[in-house]
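Each chain, written out:
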Amino acid sequence: MRISPWSTPILVVAAVLITFVITAGPIILAGANPIEAYAEFVVVPLTSQFTLLEVLVTATPILFTGAAVAIAFRAGYWNIGAEGQLLLGAVGAAGIGIVVGDLPPLVALPIMIVGGALAGAAWALVPALLRVRFGIDEVVTTLLLNPVALLLVNGLLHGPWRDPVSGFPESPRIAASAEFPTLIDRSRLHLGFAVALAVILVAWYVLARTPAGLRLRAAGLSPHGARFAGINVPRTLLGAALVSGAIAGIAGVSEVAGIQNRLTGGLSPGYGYTGIVVATLGTLTMPGVAIAAVFLGDLTVGASSAARSLGIPSQLGAVVQGVLLLTTVALLALRRQRFRRGGAPDAGSTAGSPAGDVAPEAQPG
Amino acid sequence: MTFLVDLLAATLRNATPLVYGTVGETYAERSGVLNLGIEGTMYAGAFAGFATAWATGSPLIGLAAAIGVGVLAGAVMALMTVTFGANQHVSGIGLTIGLIGLAEFTNRLIFQGGELQQIEPMPIVNPVGDLGGIGAIFDQYALTWIAFLLIVPGAWWLLQRSSFGLEIRAVGENPEAADAAGVNVVRTRYLALMIGGALMAVGGAFITLALLGSFTLDIIAGRGWVCVALVIFGRWRIGRGVIGALIFSLVFSLQFRLRILPGFGELPFELLLALPYLVVIGALALSGRNVAYPGAYLKPYRRT
Numbered sequence: 001m002r003i004s005p006w007s008t009p010i011l012v013v014a015a016v017l018i019t020f021v022i023t024a025g026p027i028i029l030a031g032a033n034p035i036e037a038y039a040e041f042v043v044v045p046l047t048s049q050f051t052l053l054e055v056l057v058t059a060t061p062i063l064f065t066g067a068a069v070a071i072a073f074r075a076g077y078w079n080i081g082a083e084g085q086l087l088l089g090a091v092g093a094a095g096i097g098i099v100v101g102d103l104p105p106l107v108a109l110p111i112m113i114v115g116g117a118l119a120g121a122a123w124a125l126v127p128a129l130l131r132v133r134f135g136i137d138e139v140v141t142t143l144l145l146n147p148v149a150l151l152l153v154n155g156l157l158h159g160p161w162r163d164p165v166s167g168f169p170e171s172p173r174i175a176a177s178a179e180f181p182t183l184i185d186r187s188r189l190h191l192g193f194a195v196a197l198a199v200i201l202v203a204w205y206v207l208a209r210t211p212a213g214l215r216l217r218a219a220g221l222s223p224h225g226a227r228f229a230g231i232n233v234p235r236t237l238l239g240a241a242l243v244s245g246a247i248a249g250i251a252g253v254s255e256v257a258g259i260q261n262r263l264t265g266g267l268s269p270g271y272g273y274t275g276i277v278v279a280t281l282g283t284l285t286m287p288g289v290a291i292a293a294v295f296l297g298d299l300t301v302g303a304s305s306a307a308r309s310l311g312i313p314s315q316l317g318a319v320v321q322g323v324l325l326l327t328t329v330a331l332l333a334l335r336r337q338r339f340r341r342g343g344a345p346d347a348g349s350t351a352g353s354p355a356g357d358v359a360p361e362a363q364p365g
Numbered sequence: 001m002t003f004l005v006d007l008l009a010a011t012l013r014n015a016t017p018l019v020y021g022t023v024g025e026t027y028a029e030r031s032g033v034l035n036l037g038i039e040g041t042m043y044a045g046a047f048a049g050f051a052t053a054w055a056t057g058s059p060l061i062g063l064a065a066a067i068g069v070g071v072l073a074g075a076v077m078a079l080m081t082v083t084f085g086a087n088q089h090v091s092g093i094g095l096t097i098g099l100i101g102l103a104e105f106t107n108r109l110i111f112q113g114g115e116l117q118q119i120e121p122m123p124i125v126n127p128v129g130d131l132g133g134i135g136a137i138f139d140q141y142a143l144t145w146i147a148f149l150l151i152v153p154g155a156w157w158l159l160q161r162s163s164f165g166l167e168i169r170a171v172g173e174n175p176e177a178a179d180a181a182g183v184n185v186v187r188t189r190y191l192a193l194m195i196g197g198a199l200m201a202v203g204g205a206f207i208t209l210a211l212l213g214s215f216t217l218d219i220i221a222g223r224g225w226v227c228v229a230l231v232i233f234g235r236w237r238i239g240r241g242v243i244g245a246l247i248f249s250l251v252f253s254l255q256f257r258l259r260i261l262p263g264f265g266e267l268p269f270e271l272l273l274a275l276p277y278l279v280v281i282g283a284l285a286l287s288g289r290n291v292a293y294p295g296a297y298l299k300p301y302r303r304t
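Protein sequence lines, in the order shown, are assigned to chains S and A.
By the count of the numbering used here, the first sequence reaches residue 365 at its end, each step adding exactly one.
By the count of the numbering used here, the second sequence reaches residue 304 at its end, each step adding exactly one.
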C-alpha cells in the first residue's frame, strides 16, 4: 500500500508545521527563539505530572465541544453554536446544582449531566428545526444564538442569580454533592475528563459501528445519495444537531461542576469556537478529536508557562489556534481541488456538505 | 428634552461602528462570501488604530493603520475562500480567533499589561450649530459624519449603480454567468472582501480612536456578530441594514440610560439586547424558503 503525501495524518502534521512557521513571526517579535518557544509549548507541559494533569484539565471542555462539532459537521450540519449550547448546559448545571443538596452524589450528578445535556440540546433545537423544515441555513442562526446565550447568562447573574452573599455577578455555589469529584488527589483533574472520554468512545462506536452512525455519515457525504438509499435525511440532521447540542451542553456542566462550582460570566473563554478548531484538526473523527483536544490543551498549558519563562505573551495560544484552523481547512480544500481535477464538474456543490472536505471516507487514492 | 437630545446623539454615535461593519459585511456577502472574520477584523482594527495613534500621536495615521489591517484581513479571507476554496464559515471563525489573539498578543507586548493608556480622542464636529438646544444631536465625531454622509451613500452608489458594483452582485448571484460574461470572479471577490475588511476595521477603530480614546480587552464585544445579523435583517441592502443599525443603537442607548435611573436597575435589559438576534432569527423563520440569499452564498467558485 503506497502512502499518499495527501493522506490525512500527513496533511494534519503538515498543517501544524506550517502553523509553527507562520507563528514564528510573532514569537521573534516577542524577542524569543521560536525553536525554544515550541519546545516550551509542546514538550515542557508533558514533562511533569502536575503540568501533564493540567493538560488533561484544559483538554476536557474542548474534548466535549470538539466531539459535538465533529458529529454535527460529519452529518453536514454546520453547528457554529457550540459556545451557546455550552453556556446553556452551564446554566442548567448551576440551576440544578443549587437544589440537589439533599441527594447523594450518585443521584445528583447524573441528574445534573442529563439536565445540562437537555439544556444544550434545547438551545440547538430551533436552528435545527429551521434547517430541516424550511431549509434555512444554520450557520448564521446557530452563530447568532451564541451572544444571546451569553446575554442570558449575564441577565441571570446580574438579576435573579446574583450571589446574595458576595453581591458579585456569580451564582450561589452549587451543593457539595453536585461537585464533580477529582480523579487524582491534589490535582484539578475531575470527573468531567472521564465523562468526556466516555462520550468520545460512545460517539466513535455509534459513528463507526451502528446503522445510526452510517445514516449520519451518509447524509453528510451526499444528502441526495442518502435520500435515494432510503435514509430520512431531515431526521438524521435533526438528530445530529440535538446530540451535538447535548454534548456541548455537558461541556458546560463539566466546567460548572468540575472547575467553577458556580455559574460565572467568564466560564468559557470560547471553548465552543475552539471546538471547531479541534473538530477540524481531528478531521471529524473521534480518535482525531481526542488527539487534537489533548494537543491544544498541551499548547494552552505550554503557552502560559512560556509566558513566565520566555516572556512570550500567553495570547500566542489563540494566534496558534486561529492559524492552525486556517492552515488545516486550506490544506483540506487544496486536497479536494487536487483530486477533483478532471473529475465530475461539481464546483460549488461541496460547500454545503463535508464530503470531500474533511470526512476521511472521501479521501481518494 | 435634554434626555431625548442626548439619546438621539448617542444613537448616532453608537450606530457608527455598526454602520461601517454592516456596509463592509454587505460587500463581502453580496460578492458571495459570508465573512465571519468580521468580529476579529473589527477587533484588530480597533487595536491597530489605537496602538498606531498612541505611538505616532496622530489619530489619522492610526486610522490608516486600521484600514491597512482591514484590507489585509479581507485579503486573507479571500485567499482562503476564493483561491483555496475553503469553507467560508470555518475560515471566518479561524480568522476571528487568530486576529483577536494577535491583537491581544501585540497589546501585551507593547503595553505589558500596565495601566490603561489614553490618547486624545478625535474631535467632535458640529456643522449645524446650537439650534436652540437640539443642535447637540449633531455633536458628532468626524467618523460618524463620514459614515452617514459619505460611506453609506457612496457604498450604495458603488454597489447599486456602478459597473464595479454590478460585477460584485453578479459574482455573488451567479459566478458562472459572470465569468462567461467576462467578469474576473477572483479579482472581484478579492476587491469586495478587501473593501469590506477596510470598512469593518474602521468601525472597530472608531471605538478606540473616537468613542473611548483607549483600548481594552473584549472591546468589540460581539458587535461584529450584530453586523452579521443586521445584514440579513436588511436583506443584503445597504439602506435597510443602516436602518437596522440605527434601531439597534437606539435600543442599546436607551437601555444604557434607563439602567442608571432609580427603579429601573432590576429590569432584564439583557432581553432587550438579545432582541436584534432574535428578531433576525424570527424574520428568517417567517420568510422561510423565500429568504433572498445571494445566489452564490457560501459557495466557492471553480471554473469547470
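Quick caveat, the hints were computed from the structure, so don't treat them as lab data.
A few of these clues could be false.
[What the hints assert, rightly or not] Derived, one-sided and incomplete: chain A residues facing chain S with beta-carbon distance under 7 Å:
| hint | residue |
| --- | --- |
| 1 | Ala86 |
| 2 | Gly132 |
| 3 | Ala274 |
[Said to hold, decoys possible] Here are some chain A residues the structure puts well away from chain S; computed CB gaps all over 10 Å:
| hint | residue |
| --- | --- |
| 4 | Leu7 |
| 5 | Ala10 |
| 6 | Ile97 |
| 7 | Gly101 |
| 8 | Ile137 |
| 9 | Ala142 |
| 10 | Trp156 |
| 11 | Leu284 |
| 12 | Ala285 |
| 13 | Arg302 |
Note that the structure is predicted; figures quoted are calculated from it, not measured.
Positions of the beta carbon are idealized from the N, C-alpha and C atoms, including for glycine.
Okay, the hints, checked on the actual structure:
no. : hint   : in the structure
1   : Ala86  : 4 Å, holds
2   : Gly132 : 39 Å, violated
3   : Ala274 : 5 Å, holds
4   : Leu7   : 22 Å, holds
5   : Ala10  : 20 Å, holds
6   : Ile97  : 4 Å, violated
7   : Gly101 : 3 Å, violated
8   : Ile137 : 29 Å, holds
9   : Ala142 : 30 Å, holds
10  : Trp156 : 23 Å, holds
11  : Leu284 : 5 Å, violated
12  : Ala285 : 6 Å, violated
13  : Arg302 : 4 Å, violated
Hints 2, 6, 7, 11, 12, 13, counting from the list given before, are not met by this structure.
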